[in-house]
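*Asks:* Residue numbers (this note's numbering), protein chains in the order written: chain A, 1 to 135; chain B, 1001 to 1151; chain C, 2001 to 2121.
For the record, the hints were derived by calculation from the structure and aren't laboratory data. A portion of the hints provided could be inaccurate.
[Said to hold, decoys possible] Calculated lysine-lysine pairs in the DSSO-like style (CA-CA distance at most 30 Å, straight line):
1) A/Lys50 <-> A/Lys125
2) A/Lys58 <-> A/Lys123
3) A/Lys132 <-> B/Lys1053
4) B/Lys1053 <-> A/Lys125
5) C/Lys2027 <-> B/Lys1077
6) C/Lys2027 <-> A/Lys75
7) A/Lys112 <-> B/Lys1025
8) B/Lys1053 <-> A/Lys88
9) C/Lys2027 <-> B/Lys1025
10) C/Lys2082 <-> A/Lys83
11) A/Lys113 <-> B/Lys1004
12) B/Lys1053 <-> A/Lys128
13) A/Lys68 <-> B/Lys1053
14) B/Lys1053 <-> A/Lys122
15) B/Lys1053 <-> A/Lys44
16) A/Lys75 <-> A/Lys38
17) A/Lys118 <-> A/Lys58
18) B/Lys1053 <-> A/Lys109
19) A/Lys83 <-> A/Lys44
20) B/Lys1004 <-> C/Lys2027
21) A/Lys125 <-> C/Lys2082
22) B/Lys1120 <-> C/Lys2027
23) A/Lys118 <-> B/Lys1053
24) B/Lys1021 <-> B/Lys1106
25) A/Lys129 <-> B/Lys1053
26) C/Lys2082 <-> A/Lys77
27) B/Lys1053 <-> A/Lys83
28) A/Lys109 <-> A/Lys50
[Said to hold, decoys possible] Label pairs and their computed distance ranges (CB to CB):
29) C/Lys2027 <-> B/Phe1073: 29 to 35 Å
30) B/Leu1039 <-> C/Lys2027: 31 to 37 Å
31) C/Met2001 <-> A/Lys38: 26 to 32 Å
32) C/Ile2086 <-> B/Leu1024: 45 to 51 Å
33) B/Lys1016 <-> A/Met105: 49 to 55 Å
34) B/Asn1049 <-> A/Lys47: 28 to 34 Å
Every residue gets a Cβ at the ideal spot worked out from N, C-alpha and C, and that includes glycine.
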Amino acid sequence: MKKWFGLLVILILVGCNNGKNDFMATNNKEEYQQQQQKIEQILKEDKHVKRVTAVFTKDSAIVGIEVKPFSKWNKQKYEKKWKKEVEKALPDRNVVVSTDLKLIMETDKLAKKQLSEKKLDKKIKDLKKLEKEET
Amino acid sequence: MDPKQYDNLQQSISPKPSILKNCLKAFLVGGIFCTVGQLITYIYISYFNFTEKTAGNPTVATMIFIAMLLTGFGLYKKIGQFAGAGSAVPVTGFGNAVISAAIEHKTEGFVLGVGGNIFKLAGSVIVFGVVSAFVVALVKLILVTMGVANW
Amino acid sequence: MFVSIVIAFIVGGLICVIGQLLMDVGKLTPAHTLSILVVTGAILDGFNLYEPLIDFAGAGATIPITSFGNSLTHGAIAEAEKHGWIGVLTGMFEVTSSGISAAILFGMIGALIFRSKGQQP
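Whole structure, please, built from the sequences with the hints as guidance.
*Replies:* In structure tokens, the structure reads:
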């Protein structure tokens, strides 16, 4: 009896994963798979990154990087480094890279919704302005 | 008995507050104020259009509003008696200093009483904050101009 | 997120413990202690150490009075970087006003609605 119960639990846990990538959440469009892989490659190896959320369009991209709590001391330094790397990986786009919690939350929301490319572009431009605010 | 002998006698009899206990109480209450502030920050980030960078301002304003309520109902005094620095160091302590001064001197009129006394306790904080910020910024500016440091 | 809240609790508590030690061991008045803490915040920002602390501890670093000194200095330095000497004066209250404005405003409102000695109207 116990054996079957244990097997059932394992099957449920395996089933729950259903191919979702826990490290990176994106708006999952096939045309941008290549860019997605590139960004994932850059950031997956970094031991300071907890998770990434990214949204791609033809002309722009927004990458929100959640930093592990104890690495947050150097958050600004890492953000500058990642910004350079992402801009190098996506040279033909208007790129926004941020470690700010608000931008990560908004990017998560954009990744879940299915908006048109134009609306996404506008949203990304708005978030870029939000990031630059000082007060 | 000469003054010094009396002094020693008084020192030996009066109850000594344990520094360790005071520090623990300050740690606890100060930590709680900051935790409340952190939760308020998360609320401002999640439900309003503030980023991590800009959420500090409304958080501080909200904490001072809370300080106003605690001061007005006489609760902040009790917290202060328990926690010492735990109630004085957070911005709520600054708010309490200003607000309690305003309330106490209301009887002397708004212009002379409230207006004249509102910064009695908090004035040193603002004065030394501004002066030290000026000196630090000036020194940094000089060092950068000389080429010794970077921004 | 839970870890961040614990870090805020600990760092904020520690800064208050430093204040308590200044009062108990250093035998300083609250006004002296707070002034020292504000100046410390200003100096730490001069060495670019307070902003990383805010990134690390969140409200644990923005709620204590030390963040006041940091804000003033940060504004002054940012403006000096852009405009030189005069920036040191013009930049100071640019990002800081919420604390002081709120304190004055709520002080006035408190004086209007609360009775002296902490009694309800």
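*Asks:* So, for every hint listed, does it hold in this structure?
*Replies:* Okay, the hints, checked on the actual structure:
1. A/Lys50 <-> A/Lys125: Since the Cα atoms of A/Lys50 and A/Lys125 sit roughly 25 Å apart, the hinted pair holds (cutoff 30 Å).
2. A/Lys58 <-> A/Lys123: 14 Å, holds
3. A/Lys132 <-> B/Lys1053: The given pair, whose Cα atoms are some 10 Å apart, holds under the 30 Å limit.
4. B/Lys1053 <-> A/Lys125: 18 Å, holds
5. C/Lys2027 <-> B/Lys1077: 21 Å, holds
6. C/Lys2027 <-> A/Lys75: Answer violated: C/Lys2027 to A/Lys75 is near 38 Å, above 30 Å.
7. A/Lys112 <-> B/Lys1025: Between A/Lys112 and B/Lys1025 the Cα gap is close to 45 Å, so the pair fails against 30 Å, i.e. violated.
8. B/Lys1053 <-> A/Lys88: 26 Å, holds
9. C/Lys2027 <-> B/Lys1025: 18 Å, holds
10. C/Lys2082 <-> A/Lys83: 23 Å, holds
11. A/Lys113 <-> B/Lys1004: Status violated; Cα separation ~79 Å.
12. B/Lys1053 <-> A/Lys128: With Cα atoms ~14 Å apart, B/Lys1053 and A/Lys128 stay inside 30 Å; holds.
13. A/Lys68 <-> B/Lys1053: 18 Å, holds
14. B/Lys1053 <-> A/Lys122: Within the cut-off at roughly 22 Å; holds.
15. B/Lys1053 <-> A/Lys44: 26 Å, holds
16. A/Lys75 <-> A/Lys38: Holds, at about 22 Å.
17. A/Lys118 <-> A/Lys58: 10 Å, holds
18. B/Lys1053 <-> A/Lys109: Since the Cα atoms of B/Lys1053 and A/Lys109 sit roughly 20 Å apart, the hinted pair holds (cutoff 30 Å).
19. A/Lys83 <-> A/Lys44: 15 Å, holds
20. B/Lys1004 <-> C/Lys2027: 20 Å, holds
21. A/Lys125 <-> C/Lys2082: 25 Å, holds
22. B/Lys1120 <-> C/Lys2027: 21 Å, holds
23. A/Lys118 <-> B/Lys1053: Given that 30 Å is the threshold and the Cα spacing comes to 28 Å, the pair holds.
24. B/Lys1021 <-> B/Lys1106: 36 Å, violated
25. A/Lys129 <-> B/Lys1053: Answer holds: A/Lys129 to B/Lys1053 is near 13 Å, not above 30 Å.
26. C/Lys2082 <-> A/Lys77: Measuring from Cα to Cα gives roughly 21 Å; hence the hint holds.
27. B/Lys1053 <-> A/Lys83: Measuring from Cα to Cα gives roughly 18 Å; hence the hint holds.
28. A/Lys109 <-> A/Lys50: Holds - the C-alpha atoms of A/Lys50 and A/Lys109 are around 18 Å apart, at most 30 Å.
29. C/Lys2027 <-> B/Phe1073: 29 to 35 Å: Between C/Lys2027 and B/Phe1073, where Cβ atoms are some 32 Å apart, the hint holds.
30. B/Leu1039 <-> C/Lys2027: 31 to 37 Å: 35 Å, holds
31. C/Met2001 <-> A/Lys38: 26 to 32 Å: At 29 Å between Cβs, range holds.
32. C/Ile2086 <-> B/Leu1024: 45 to 51 Å: For B/Leu1024 against C/Ile2086, whose Cβ atoms are near 47 Å apart, the range 45 to 51 Å holds.
33. B/Lys1016 <-> A/Met105: 49 to 55 Å: 51 Å, holds
34. B/Asn1049 <-> A/Lys47: 28 to 34 Å: At 32 Å between Cβs, range holds.
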